[in-house]
Amino acid sequence: NAGVMQNPRHLVRRRGQEARLRCSPMKGHSHVYWYRQLPEEGLKFMVYLQKENIIDESGMPKERFSAEFPKEGPSILRIQQVVRGDSAAYFCASSLPKNTEAFFGQGTRLTVV
Amino acid sequence: GESVGLHLPTLSVQEGDNSIINCAYSNSASDYFIWYKQESGKGPQFIIDIRSNMDKRQGQRVTVLLNKTVKHLSLQIAATQPGDSAVYFCAEKGGNNRLAFGKGNQVVVIP
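Chains as they are written, first to last, in this note's numbering: chain A, 1 to 113; chain B, 114 to 224.
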């Protein structure tokens, strides 16, 4: 049973471009979380999704950031018009419904140049 | 903001000794807690979890203690090994099922 898969592992974008980060949850998991981590810091919650539904996006910046988890296919975190401050590691986790373990992927390291 | 915090930023421990990592949480409605280990360049790795109806849970070389009265969580690692060197995070889930993390605690194992 494959774990949570994130791709790409590393992504370099120029300022103003778009970044698309993908997350395939563990098989059977219907809940996905996205987190952002700066060097030497903790994981900051961004968004929590179920299939076709955003449950909690209170950690997402209001502009340029969006997330989806379609019925088929991976969850996508999309950052439009990237700026240098968007450079970070973005982690995805998946879980079964309520109060079960959440497993993380290896992250996507976004560098904006 | 996040409701979970860790006390000591860095813990240095001699190989073979026991490690204790502490965590305070502020959301009394949280009913599920997880400890994660994160090695450099990798994603957080699940270590052990505990539900709020328990006060202690043991795994292989690890024990998690939960004190709901003072909203405190701890992770004990027995016979610490070099491979235990990492950053450890506690996380909590409340009624909204959102997983909230603390800032992390670096454990350095001295051979």
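Please note that a few of the clues may not be correct.
Here are the simulated lysine to aspartate or glutamate pairs, EDC-like style, with alpha carbons at most 16 Å apart [what the hints assert, rightly or not]:
1) A:Lys98 to B:Asp168
2) B:Lys155 to A:Glu57
3) A:Lys27 to A:Glu41
4) A:Lys98 to B:Asp162
5) B:Lys216 to A:Glu40
6) B:Lys216 to A:Glu41
What the hints contain is simulated information worked out from the structure, not anything from laboratory work.
All figures in this text were calculated on a predicted structure; none of them were measured in a lab.
Does lysine 155 (chain B) pair with glutamate 57 (chain A) here, judged by a C-alpha cut-off of 16 Å?
-> Since the Cα atoms of lysine 155 (chain B) and glutamate 57 (chain A) sit roughly 24 Å apart, the hinted pair is violated (cutoff 16 Å).
Satisfaction of hint between glutamate 41 (chain A) and lysine 216 (chain B), Cα-Cα up to 16 Å = Holds. Lysine 216 (chain B) to glutamate 41 (chain A) sits at ~6 Å (cutoff 16 Å).
Are the Cα atoms of lysine 98 (chain A) and aspartate 168 (chain B) separated by 16 Å or less?
-> Answer violated: lysine 98 (chain A) to aspartate 168 (chain B) is near 20 Å, above 16 Å.
Between lysine 98 (chain A) and aspartate 162 (chain B), is the straight-line Cα distance small enough, at 16 Å or below?
-> holds (13 Å)
Does the structure keep lysine 216 (chain B) and glutamate 40 (chain A) at a Cα separation of 16 Å or less?
-> holds (9 Å)
Take the C-alpha atoms of lysine 27 (chain A) and glutamate 41 (chain A), compute the straight-line distance between them, and say whether it is at most 16 Å.
-> violated (30 Å)
In summary, the structure is inconsistent with hints 1, 2, 3 from the numbered list given earlier, while agreeing with the others.
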